[in-house]
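The whole structure should be built from the sequences, with the hints applied where relevant.
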Amino acid sequence: MHDLVIISLEAWDEVWRRNQHLVHRLLLADRELRVLWVEPSTDPLHAARAGQTVQRGRGLRTGPVLPGEHSARILLLEPTKLLPRRLDPAQDRRWARRIRQIARSIGFDRPLLWVNDPRGAAVLEVTGWPTIYDITDDWLQADRTAAERARLQYHESVLLEGSARIVVCSHALERSKDRPGRTVLIPNAVDPVPYRSPSPRPTDLPNGATAVYAGTVHSDRFDVPLAVTTARELSNRGTLTLVGPNLLSHSDRSRLEDAGAVLLGSKPAKAVPGYLQHADVLVVPHLVNAFTDSLDPIKVYEYAATGRPVISTNVAGFRDAGDDRVTIADGRRFAEAVADAIPARWIFPERSDRPVPSWDDRAREMAEVLSAVARSPYSLQKGS
506 MHDLVIISLE
516 AWDEVWRRNQ
526 HLVHRLLLAD
536 RELRVLWVEP
546 STDPLHAARA
556 GQTVQRGRGL
566 RTGPVLPGEH
576 SARILLLEPT
586 KLLPRRLDPA
596 QDRRWARRIR
606 QIARSIGFDR
616 PLLWVNDPRG
626 AAVLEVTGWP
636 TIYDITDDWL
646 QADRTAAERA
656 RLQYHESVLL
666 EGSARIVVCS
676 HALERSKDRP
686 GRTVLIPNAV
696 DPVPYRSPSP
706 RPTDLPNGAT
716 AVYAGTVHSD
726 RFDVPLAVTT
736 ARELSNRGTL
746 TLVGPNLLSH
756 SDRSRLEDAG
766 AVLLGSKPAK
776 AVPGYLQHAD
786 VLVVPHLVNA
796 FTDSLDPIKV
806 YEYAATGRPV
816 ISTNVAGFRD
826 AGDDRVTIAD
836 GRRFAEAVAD
846 AIPARWIFPE
856 RSDRPVPSWD
866 DRAREMAEVL
876 SAVARSPYSL
886 QKGS
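The opening residue of the sequence shown carries number 506 in my numbering; numbering runs sequentially from there.
Some clues are possibly wrong.
As the list claims (entries may be wrong) - Quick list of in silico lysine to aspartate or glutamate cross-link-like pairs, EDC-like style, CA-CA up to 20 Å:
1. LYS772 <-> GLU762
2. LYS775 <-> ASP709
3. LYS775 <-> GLU519
4. LYS772 <-> ASP709
Unchecked claim - Here are the computed distance ranges between Cβ atoms for each label pair:
5. GLU519 <-> HIS723: 16 to 22 Å
6. GLY686 <-> ARG554: 42 to 48 Å
7. TRP851 <-> ASN751: 28 to 34 Å
8. SER702 <-> ASN741: 28 to 34 Å
Hint data in this document are derived by calculation from the structure and do not stem from the laboratory. Glycine included, every Cβ here is placed at the ideal spot set by N, Cα and C.
Right, dumping it as structure tokens:
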């Protein structure tokens, strides 16, 4: 395995998620590996309608030189979506052909295909490349329009049928997406060293006591009304502080800020441990539904690595943790439990010495999957 095309749900940036950690370690372990990371397309028309900055995709470009590397072996591709699908229904297939063309132009003659964005089904159909379908969220359980749901169902059926391996991150996904002999469970993890190495208190962390949430603030999983109630419950005792990309509507953000919450926005991965270490309590005000039950939240592992106390709703990952540092509470009890946890009953690095799964282990597991796919004839029979 020397060439890998990844259809990602996220751009490659400083906010590292599961697959950035895995790819970094795969590159360090295989000095001949090359990666084409396909980012989500920009959508200038949607941005204009939403009053956001309008910009075309940055196209093909050299990625960063990663820690431990002497040169960049990752190429990034950011396409542009020009029209809505209802006006341009053939765009996914044209996008897939463009990816195939670019892969050939950079010498990726027969790469492996790693699909995290279900849209990558079009690339499998067009190319027939040996494929792994990497499922980190069950988007069929999320709140989507009928048209979006139908498209997701089609893409998923193609990927479940045509992929040589199906990688899932949670037991719930393992049950719902199981294909005998092809489904592999690889949960999430953490790089424990930075989370256990003392960091200075971030300068933008509010003064006084803080209840910190770290992660993407998205209405698919984040319970805005519960967070508003919690921020008000804290009142003068502390500040609910949200650290991570903010994908909420303007009205939801305003509700949170009016209640006293502070939204700090995206932070580089290397900066996140400092926010967790200096929190009085870490919180998980997540919705409890079929979608969140499909998840294996990375924050389960990041929170555990710092040893800080945690208050969570009854969501997958935390309710199963068996960790005496974690308190499960819902509704009004959640807000009260967060307020009762302030001020902190212990300080970092106390209770941060328990074992946690490492991204190093997960990368070795993923390398075994990729090697199996490279040897498998399964996907060679698919596509055109």
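Verification of the supplied hints:
1. Distance restraint check for LYS772 and GLU762: the Cα-Cα separation of roughly 19 Å lies within the 20 Å cut-off, and the hinted pair is therefore satisfied.
2. This hinted pair checks out: LYS775 and ASP709 have alpha carbons roughly 15 Å apart, not beyond 20 Å.
3. With a C-alpha separation of about 8 Å, the suggested pair LYS775 and GLU519 falls inside the 20 Å cut-off, and the hint holds.
4. Proximity of LYS772 to ASP709 is assessed by CA-CA distance (about 11 Å); at most 20 Å being required, the pair is judged to hold.
5. For GLU519 and HIS723, the Cβ-Cβ distance of about 18 Å falls inside the hinted range of 16 to 22 Å, so the restraint holds.
6. Checking the proposed 42 to 48 Å range against GLY686 and ARG554 shows it holds: the Cβ atoms sit about 46 Å from each other.
7. Checked against the given bound of 28 to 34 Å, the beta carbons of TRP851 and ASN751, roughly 30 Å apart, stay inside it.
8. As the Cβ distance of SER702 to ASN741 is approximately 33 Å, the hint placing it in 28 to 34 Å holds.
No hint from the list above goes unmet by this structure.
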